[in-house]
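S.K.: Listed below are the residues making up each chain.
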Amino acid sequence: MEAKARPHSGPSLLKRMKQDLVARYQLYLLILLPFTYIVVFHYFPMYGLQIAFKDFVATQGITGSPWVGFKHFENFFTSPSFELVIRNTIFLTIYGLLIGFPIPIILALALNNTLRTKFKKSVQLITYAPHFISVVVLVGMMYQFLSPKFGIVNQLIGLFGHDPIMFMGSEQWFRHLYVWSDIWQQMGWSSIIYLSVLSTVDGDQHEAAIVDGASRFRRVLHVDLPAIIPTAVILLILNTGYIMSLGFEKVYLMQNTMNLSSSEVISTYLYKLSFASSLPNYSYSAAIGFFNSIINFTILCIVNGLAKRYGNTSLW
Amino acid sequence: MSMNVYNRRMTRQDRLFLLANDIFLFLILLVVLYPLVYVVSASFSSPSAVVTGKVWLFPVEPSLAGYKAVFSNKSIMTGYANTLFYTIAGTMLNVILTIAAAYPLARRDFKPRNVIMMIFAFTMFFGGGIIPTYILIKNLGLIDTRWVMILPQALSVFNIIITRTFFQNTPSELLEASQIDGCSDMRYLISVLLPLSKPIIAVMALFYSVMHWNAFFDALLYLNSDNLRPLQLVLREILVVNSIDVSMMQNVNIEELAARQGLSELLKYSLIIIASVPLLLFYPFIQRFFVKGVMIGAIKG
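Residue numbers (this note's numbering), protein chains in the order written: chain A, 6 to 321; chain B, 79 to 379.
Bear in mind the hints are in silico, worked out from the structure with no lab data behind them. Some clues are possibly wrong.
To be verified - Pairs of lysine-lysine residues, derived as DSSO-like cross-links and limited to a Cα-Cα distance of at most 27 Å, are as follows: (1) A:Lys76 - B:Lys216; (2) B:Lys146 - B:Lys132; (3) B:Lys216 - A:Lys255; (4) B:Lys189 - A:Lys23; (5) B:Lys132 - A:Lys154.
Claimed, not checked - Covered stretches of chain B (chain A as the covering partner; in silico rule of three or more C-beta atoms under 8 Å from a C-beta of chain A): (6) 126-138; (7) 186-198; (8) 209-215; (9) 258-267; (10) 294-303; (11) 355-361.
Using N, Cα and C, we set each Cβ at its ideal position, and we do this for glycine too.
Required output: the full structure, derived from the provided sequences and hints.
M.R.: In structure tokens, the structure reads:
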């Protein structure tokens, strides 16, 4: 069909589009609703981003509010909270990435390596399960386990004659708890993708390595690991794209006045400004959010470009 | 794979490595499993056993007091019913819209598919953010309505990509044969493609229902009325907000607190179980499907 249409581009583009619309009207009809959804719920907010450069007044709406240029951005960069929230956000993401990136890979390699099939299946079943627990329940469990009065962790510490530790109200512990609880919840789930790549590794490569006298450990390093590196790079690119958009929910739930100095991140700061303040400044919050998205998107493009140039893998 | 070849040629070093490998896996298993087992055991213990720290592994002084407390709590039950509604209605809409988007985008003869795909995919990497979205929701009049828990999350582009890839991998002869038989695009989708796509539909339904069941942020932002609140908001109040109060109280008589707090501590464990059990029971059955789903989406997406 396409071959016929291409050589003689006789009828105008408009006419051809019209013909296509008539011939494939059911497909257009199907995509209409999803397309409307994307435009309304994703592109309208992008249009609304202009309030970051305006002084938004609800009665005047997005378009009617007066322009103020970069005022809100300047306010954010010079605000006393700026350094704190940026530092906390970046620290938490990088800490999370440094630990959270290699562990699922190691888990997948170990799972792939074991010869006990039933054991492997049970480890998989159990380690995937926490992925389905909600953030609220996860944080609730942490409060239960770590409670200074009734928590099992502090009871254990008490057995050794130490004083209870206020884990959830500690700025030092916050970061470790945040990152390691995430490992507990997600390592199994994140390993699925690597496991499925490992299952496609050619048996011949292992055979050849065996013939060359490679030990099991060497084969993991030189056959299995290289097989998952392209996937790992893609996932790493995707993750770095979210470096500044740390999940709001868990930080918010774990946050209290006592760990604020290490738990205040961009998203919680923004939430407080707009929804927990008596005088919400939507424009200022939108500017912070915009700054955030721009940084993310730029980093994503840079890392993707680097991966394309040096690793021949890229998202687009 | 020819396991025999590997086994036959195992050296001592290999066997040692395998042993270390399995011990490592076993430790991971314990670390993940213990908190889960502890919550289950605590939830079936007596209030006093829970607060005095007698529970370590198995239930102590078994009782159903915690579960009775959960089921007689009105706000928990309202939240549960709301979450059930949001999950079922939301997932149905999600699945329908995802198929409606993925099918045309999978068809090679659908001309604007690349443009539309780009418009869709861009939203995965860039968005308006919380405030402009909030203003939109407000302007649409969705604040504090049931719709707000369903409409803003009506579609996930990631799931469209997974489904589209699945559709593209069905043999193209099927479509050609159906077209020769005079089958319309819609008819082909319903009578030929969908019956072939049960695994991917199961995976999507699971992904979406997990999202709805655990949704918390939208409810926090957009809902005010108690009778609309989903389970997760109720959970937050009981598990997180109250916990802060308890742990912050420094100079309270422990025994008095224990008596008063006994049941409410126990209730928390039972509540965790009640809130998580539907998904945890459901997922092992379609586990084999979603491994495929994750793979398709991540590799070819």
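S.K.: Hints first: check each against the structure and report whether it holds.
M.R.: Here's how the hints hold up against the structure:
no.	hint	verdict
1	A:Lys76 - B:Lys216	holds, 25 Å
2	B:Lys146 - B:Lys132	holds, 21 Å
3	B:Lys216 - A:Lys255	holds, 25 Å
4	B:Lys189 - A:Lys23	holds, 12 Å
5	B:Lys132 - A:Lys154	holds, 13 Å
6	126-138	holds (count 5)
7	186-198	holds (count 6)
8	209-215	holds (count 6)
9	258-267	holds (count 4)
10	294-303	holds (count 3)
11	355-361	holds (count 3)
Hint compliance for this structure: no hint is broken.
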